[in-house]
Structures are given as C-alpha cells and as structure tokens.
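S.K.: Below are the chains, spelled out letter by letter.
There are 4 protein chains.
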Amino acid sequence: MKFAKPLPSYLLQRYQGWHATTYTENKAWYRRLADEGQRPRAMVISCCDSRVHVTSIFGADTGEFFIHRNIANLVPPYEPDGLQHGTSATVEYAVTALKVAHLIVLGHSNCGGVAGCMSMCSGHAPELDEKTSFVGRWMDILRPGYAAIEHVEGEQERLRALEKKAVCVSLENLMTFPFIEEAVNNGTLSLHGLWTDIGEGSLEYYEAKDDKFLPV
Amino acid sequence: MKFAKPLPSYLLQRYQGWHATTYTENKAWYRRLADEGQRPRAMVISCCDSRVHVTSIFGADTGEFFIHRNIANLVPPYEPDGLQHGTSATVEYAVTALKVAHLIVLGHSNCGGVAGCMSMCSGHAPELDEKTSFVGRWMDILRPGYAAIEHVEGEQERLRALEKKAVCVSLENLMTFPFIEEAVNNGTLSLHGLWTDIGEGSLEYYEAKDDKFLPV
Amino acid sequence: MKFAKPLPSYLLQRYQGWHATTYTENKAWYRRLADEGQRPRAMVISCCDSRVHVTSIFGADTGEFFIHRNIANLVPPYEPDGLQHGTSATVEYAVTALKVAHLIVLGHSNCGGVAGCMSMCSGHAPELDEKTSFVGRWMDILRPGYAAIEHVEGEQERLRALEKKAVCVSLENLMTFPFIEEAVNNGTLSLHGLWTDIGEGSLEYYEAKDDKFLPV
Amino acid sequence: MKFAKPLPSYLLQRYQGWHATTYTENKAWYRRLADEGQRPRAMVISCCDSRVHVTSIFGADTGEFFIHRNIANLVPPYEPDGLQHGTSATVEYAVTALKVAHLIVLGHSNCGGVAGCMSMCSGHAPELDEKTSFVGRWMDILRPGYAAIEHVEGEQERLRALEKKAVCVSLENLMTFPFIEEAVNNGTLSLHGLWTDIGEGSLEYYEAKDDKFLPV
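Chains as they are written, first to last, in my numbering: chain H, 385 to 600; chain A, 385 to 600; chain R, 385 to 600; chain E, 385 to 600.
Just so you know, not all the hints are guaranteed correct.
Identical copies go unnamed one by one, so any copy, or any two together, can satisfy a pair.
List of simulated lysine-lysine pairs, DSBU-like, C-alpha gap at most 35 Å [what the hints assert, rightly or not]:
{"id": "1", "residue 1": "K593", "residue 2": "K515"}
{"id": "2", "residue 1": "K411", "residue 2": "K389"}
{"id": "3", "residue 1": "K596", "residue 2": "K515"}
{"id": "4", "residue 1": "K411", "residue 2": "K483"}
No lab work stands behind these hints: they were computed from the structure.
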C-alpha cells in the first residue's frame with residue numbers, strides 16, 4: 385500500500401495534547417475500559433455531518449455511547465438476505481451483544497443527504513437516480529417517507545419535514561428487527577427519536593402521543 | 385409509533401448544559417456553520433465502540449471532521465450493483481461532494497467485531513456463519529485479511545494483527561473506488577491508517593515503506 | 385531597490401523542509417483554502433513578541449485564526465478621521481468581511497512595549513515622550529490605563545497589572561467600533577481577554593463578573 | 385466590561401494540550417526566554433490572513449521571529465507627525481531596540497486586502513473610497529503601486545502583480561525610515577521581499593539585480 389501516508393502533523397500534535405492531558409488524567413479508567421470491555425447504556429445513530437457531534441451535545445463520557453454514524457442517520461428495514469448490511473450489523477451488535485437500554489436516532493437540520501433525497505424524489509437530481517450512485521441508493525431508504533411530506537408548503541419547511549421523517553422511518557424500520565421488537569416489548573430497550581437544529585442549537589423529540597416533534 | 389419514548393432525563397439535563405454553555409458561547413459559529421454549510425478537512429472512519437471517540441482524541445472542533453462509524457471500521461470493496469451500501473455512500477459523499485483532503489481509517493484494540501471475526505474464521509462461532517447474522521456477514525469483509533494473520537503466534541498477538549489488518553483491508557478497498565483512486569493519484573486526497581490502544585492511549589500509524597504499524 | 389537581499393539560506397532550507405513535508409502532505413487542503421477563501425472562526429490580536437506565538441499555544445490549523453500582531457496587543461479607539469489606522473483596518477476586515485465569531489486579545493508577561501509605557505508614564509523615559517517616537521506615540525493608547533494601576537505596590541506587580549490593563553483597554557476600545565458593538569449585541573461576535581506568562585506557560589482570562597483575570 | 389467572555393472551551397482544551405507537551409518539554413527554555421528577554425534574529429511583516437503562518441512556513445522556534453501582521457503586509461512611509469503609527473512602531477522597536485539582523489516582508493496570493501485595493505483603484509469599490517473605511521484608507525498605502533501594474537493583462541495576473549507590488553512598496557517605504565536606512569547602509573540590517581502562493585506552497589523572492597520576483 386504505497387499510497388498510505390503518515391498522520392498529518394496538526395493531528396499528531398493534537399493527539400499528543402490529548403494523551404498528555406485527558407488520557408494521562410484518566411489512565412486508570414481507560415485501562416479498566418480496555419480490560420473489562422465496554423458497557424454503553426445507549427446506542428446513538430446519527431449523521432456523519434461534521435457539525436453534529438453527539439459526544440459534544442450530550443457530554444458523552446468515554447464508554448457511554450455506542451455510536452453509529454452514516455449518511456442521514458438512516459436504518460434500512462430488516463432484511464436477513466445474507467448480504468452486507470453495515471447498519472443492521474451495528475444495531476444487532478448493540479442490542480443482542482451489548483444489550484443497550486436506549487436506542488436513539490438523532491436527525492438534524494441542513495442535512496445534505498436529506499436535501500439530496502428531496503431533489504432525487506422530486507425529479508431534480510437524475511445523477512442520484514443512477515444505479516451507480518451509492519448516495520442515491522442509500523437515500524432510497526427514505527423514499528417511502530417522501531410521499532408523506534410532498535404536500536408540505538415551502539421548500540425549507542418541506543426539507544425540515546423530510547429530515548424529521550428520516551428519524552421516523554428509521555425508528556419504524558428498527559421495529560422490523562425481531563430482536564429489537566422483542567426487547568422493546570419486554571421493556572429492556574426503549575427507542576427515541578430526536579432532531580437538532582444546528583444554527584439554533586435547539587433539540588426536538590418525537591412525541592408518540594401527538595405523532596410529532598416537540599421541543600425538549 | 386406508539387413505542388417511541390421521550391429523551392431520558394439524564395440526557396435532557398446534559399443537553400441543557402451543553403446549550404447553556406458550549407452552544408451559547410459559540411452561537412455565532414454554529415449559526416454560520418448552518419448557513420454556509422460544512423467544509424470538513426478530513427473524513428474519519430472509525431468503530432462504533434463507545435471507548436474510542438475520534439472527536440476526543442483529536443480535539444475536533446465542530447465542522448472539522450466528517451465521521452463514519454461502523455462495526456470494526458470496515459470499508460467494503462467497490463460494488464456498484466444498485467444495492468444499499470451505507471459505507472460506500474459515506475465515502476462517495478465525503479470525496480465527491482465535500483472534497484475532503486484526508487481520509488483516515490482508525491482501528492483500535494479490544495475490538496469486539498474483530499474478535500468475533502477471528503472466532504468465526506477459526507471455526508469457533510458457528511452462529512456468526514449463519515446467513516441471518518448481520519454481524520457475521522459484515523465481518524466477511526475482513527475474511528481475506530484473516531488468512532494473512534492466521535499464523536501469528538499467541539491469541540492476543542493474533543487479535544492485534546487482525547485489528548490492524550482491518551485498517552489495511554479498508555484502505556485497500558477504498559482504493560478500489562474509482563473516485564478515490566483518482567483523487568489519490570492527482571494529489572487531492574491522502575489516505576491514512578491508524579490504530580489506537582484503548583488501555584495505553586497509544587497511537588500507531590501504517591507506514592507504507594515498511595508495510596507495518598509504527599508508533600507516532 | 386538595490387538594497388533588497390535574497391532569502392537568508394538558513395530560512396531557505398527551512399522553507400524547503402516545510403514544502404517537502406507539511407505542504408506536500410496537505411497539498412489538497414492548501415489548494416482548497418486558496419480556491420475557496422479563508423473562513424477563520426476567530427481573530428486574535430497579540431503582540432509581535434517572538435516568545436508568544438498564538439499558533440503554537442492554541443495549535444492553530446491553517447485557515448483557523450486571523451491574526452493581527454502589533455506592539456503590546458493594543459487597539460486604539462474608533463476614530464473614523466480618514467487617516468491610516470492599521471489596527472482598525474484589521475478588525476474592520478475580520479468583523480465585517482470575514483465575520484469571525486470570536487475576537488481574542490492576548491497579552492503576555494515581560495512585554496517590552498508595556499514596560500516602555502510604564503517608564504514613559506512615570507517620567508523615566510523622556511525619549512518616548514518625543515513626538516518622533518513611534519513606540520511612544522503608539523503606547524499613548526495605554527496611557528489612560530496607567531492611572532488605574534499606578535498605585536499597585538511592587539514594580540513587578542505594577543508591570544503585570546499594566547500588561548493586563550493593556551488587554552482591558554483594547555477590549556474597551558474594540559467596543560467603541562460601531563460594527564463591533566452591534567455584532568456583540570446581536571450575539572454574532574464574542575470578545576475575550578487573555579494574558580499568558582511566558583516563563584510559567586500559564587494562561588489567565590478576564591472574568592467579567594469579578595472584573596479580574598483568573599487562571600483558566 | 386460585562387461583555388467579555390471566558391475562553392471558548394475548544395481553545396481551552398488545546399491550550400492544556402500545549403501546556404502538557406510543548407511547554408512542559410521546554411520549560412527551561414521558556415523560563416530563560418522570560419528571564420533574559422527575547423533576542424530575535426529577524427523581524428517578519430506578513431498578512432493577518434489565516435492561511436499564511438510564517439511560524440509554520442519557516443519552522444519558527446520560540447524566540448526567533450519578531451512578527452508584525454497587518455492587512456496586506458504594508459508599511460507606510462516615514463511620517464514623524466506625532467500621530468499613532470502602529471506599524472512604524474513595530475519596525476522602530478525591532479530595529480532600534482531589538483536590533484534584528486533581517487527584516488522580511490512576506491506577501492501572498494489570494495490576498496483579500498490587495499484585491500480590495502485593486503477594486504478601489506479601478507473604481508469598482510466606492511465603499512472603500514469613503515473616509516470612514518479603515519480598510520480603504522489603509523490600502524491607500526498601496527495606491528502608488530497600482531499605477532505601475534494597471535497595464536498588466538489578465539485579472540489574475542494583475543492581482544498577482546499588485547500583491548508583489550505591495551511587498552516592494554513596503555520595502556521602499558521601510559528605507560524612508562532614517563534608522564533603517566542607516567542600519568542597512570552600515571550592514572547591520574538586511575531587507576528581504578518574499579511572496580508565497582497559498583495553493584502551490586511556492587515561494588518567490590525579490591531579486592534586486594533583475595528587479596523581479598524569482599522562485600527560491
């Protein structure tokens with residue numbers, strides 16, 4: 385692999401700073417986490433977006449959250465077809481092996497993936513329709529959600545509706561996994577839907593009773 | 385979705401703490417990141433493991449890293465078959481839309497996914513061999529790497545070798561994506577392989593010249 | 385300009401080292417910064433002193449800080465008189481064109497400019513009082529601050545008090561610029577005062593509540 | 385000063401990293417720099433631009449460069465009128481008090497200040513012509529240089545010519561300071577003109593013999 389390069393020096397410096405402070409002050413805890421394994425209370429599924437770090441928003445301690453991040457925080461439906469399903473693997477591991485107590489889906493404003501999906505579904509992004517578009521095929525998971533928000537007036541409003549729909553579609557798909565449905569039904573697991581506005585720093589949660597998102 | 389629950393109160397409290405401090409002190413920057421979009425310098429592919437947060441290790445500022453996290457930081461080879469490839473979608477978005485300058489694969493010690501893969505490949509985990517095991521099928525990506533480390537003496541040593549192999553397999557698979565190979569060749573993208581030891585807090589990088597991992 | 389000389393060779397060598405390493409490893413990022421323009425999150429006003437490099441203390445990534453350095457990190461009050469105000473031009477550009485989120489004034493110990501100001505104000509440096517002294521006239525900005533610390537006992541203590549006063553005077557003068565006051569009031573800009581001790585490597589910040597500098 | 389805020393936490397963390405590594409490893413040297421004062425070999429006048437850090441390009445050691453940074457690395461002509469001249473104060477201090485051996489003016493590509501000057505001089509930026517524009521009045525220093533490059537064909541080429549002219553104008557203005565002319569003439573000080581291309585990472589120097597910039 386002649387192409388691989390060493391760590392860029394600005395990151396090397398920062399790593400050394402982390403090692404000399406955070407790590408050194410918490411050495412015993414890191415040692416223990418390594419020896420005894422992780423025991424996270426919650427799994428969070430959020431977006432890759434560089435502006436939304438769940439570890440920051442929820443002040444995550446090391447060892448606390450099992451975090452899967454993908455484009456637009458999507459979960460596909462249960463499909464045990466023997467093919468590679470990276471996201472399904474993460475929830476299977478979190479629920480059956482780590483037995484997390486909470487499974488949180490965190491959506492966000494200004495989501496590039498969701499915006500791409502809206503363009504695609506409304507016929508404005510033929511390149512995403514192509515078989516070879518990984519982003520397009522991934523966003524297909526959200527296609528069923530588009531129908532439900534198509535009528536919303538105002539492009540901004542429609543986009544926000546689709547971002548929140550992405551959270552709901554993921555929650556619904558999560559319930560199609562037998563091991564999740566079972567854990568939810570016997571009370572060992574709870575599912576949560578959240579959406580955060582990057583610019584406002586606000587947070588909304590999905591309220592089942594009203595079937596809508598409310599400010600926390 | 386009657387099953388969805390509000391945010392657990394311990395997280396609500398922490399979010400409020402974040403909003404009253406970090407967000408409030410940096411409001412203008414969040415507002416701007418929302419309005420002008422993200423411009424991350426690097427993409428990091430790391431594990432979901434709750435003990436390895438790249439944002440902490442590299443003191444990531446909001447807006448700096450585009451982060452994909454999956455089981456065992458794996459990237460499958462390029463397969464434009466029209467099916468859902470969540471991981472491939474993340475690298476496509478990072479490289480072609482965001483045009484990140486660095487793509488970093490970060491592996492780690494005590495990786496549950498890699499340990500499962502070793503059990504599976506050595507015939508000790510028949511449940512992972514089943515068609516319905518999402519984790520097993522996902523870890524298939526690492527199978528070709530197992531052959532190369534099978535001979536390593538000592539279980540701990542073999543495990544570490546396979547953890548590092550996971551980084552190399554991902555780097556090799558990344559280069560099978562035409563848009564990545566092109567960006568690497570014309571110098572607009574560089575690939576980096578890293579491995580961190582949770583207990584020691586140490587960091588190693590893949591050195592192409594020697595074809596092995598060296599301490600930073 | 386017959387007088388101009390080529391780059392001294394010790395610097396040439398270092399530039400070549402930088403180009404072969406840092407630049408080459410980060411080529412794509414530099415290319416992009418050139419093409420897309422800078423988007424610094426913060427402006428820092430610090431001293432020219434060769435012992436205080438803000439880029440080092442805060443591990444600044446390229447593109448992150450807009451930096452103005454002058455004698456004693458001073459900012460004069462708002463004076464739109466049509467004359468040349470180099471420092472006022474830097475803050476105008478940072479706040480109105482670049483729209484930085486933070487404006488940080490960083491003072492430091494052992495400041496030659498501040499020591500000169502103290503000598504001048506206490507009548508021990510007549511040469512600085514002369515009309516032709518650029519340093520003297522520049523340090524006039526800090527004269528109003530001298531009255532407030534004149535009573536402090538002990539020369540070292542008085543000097544430190546004046547160094548910190550230089551930070552406060554600059555912060556107060558910054559607020560006399562209409563575009564800064566407006567940005568602060570509508571929450572898009574925050575001002576910060578810091579003072580670092582060169583020998584101790586310590587850092588203090590101005591705490592508004594107590595109207596004094598506290599260790600970070 | 386109710387408006388002043390504490391240090392943003394992302395910078396606090398980085399400072400702590402610097403203190404635990406760079407500072408701690410070099411404590412004795414910092415202690416000595418504090419006790420004995422600075423003795424920089426060179427002064428560098430460069431731009432505030434966040435993409436051009438002279439400390440990085442020339443691998444500056446602590447204590448080595450006395451650095452003045454302003455918009456477009458400009459030096460006004462000698463004007464001992466008793467008014468505030470921040471830039472003149474920096475060169476006076478560097479040459480008469482610190483007795484630096486080199487005085488380097490470093491210009492750069494993609495300079496926002498120079499671009500503004502070109503717009504202003506060609507009549508396309510009336511807002512910069514206003515008496516109240518600090519940036520406009522500051523860029524007046526470069527006005528005499530505009531005439532010399534006005535004829536250059538191609539906007540990009542003209543811009544680059546003006547960026548390099550900014551270096552030359554500053555060098556010429558430096559020589560109008562009696563203490564600089566004297567130091568240059570008796571061989572204790574040398575002046576140097578440089579220009580760097582951000583995207584290419586290249587460096588050119590002003591060659592007196594040919595009266596033009598050549599690659600180093």
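S.K.: Against each hint, give a clear statement of whether it holds in the structure.
M.R.: Results for each hint:
no. : hint        : verdict
1   : K593 - K515 : neither (39 Å within a copy, 38 Å between copies)
2   : K411 - K389 : both (29 Å within a copy, 13 Å between copies)
3   : K596 - K515 : within (34 Å within a copy, 37 Å between copies)
4   : K411 - K483 : both (26 Å within a copy, 13 Å between copies)
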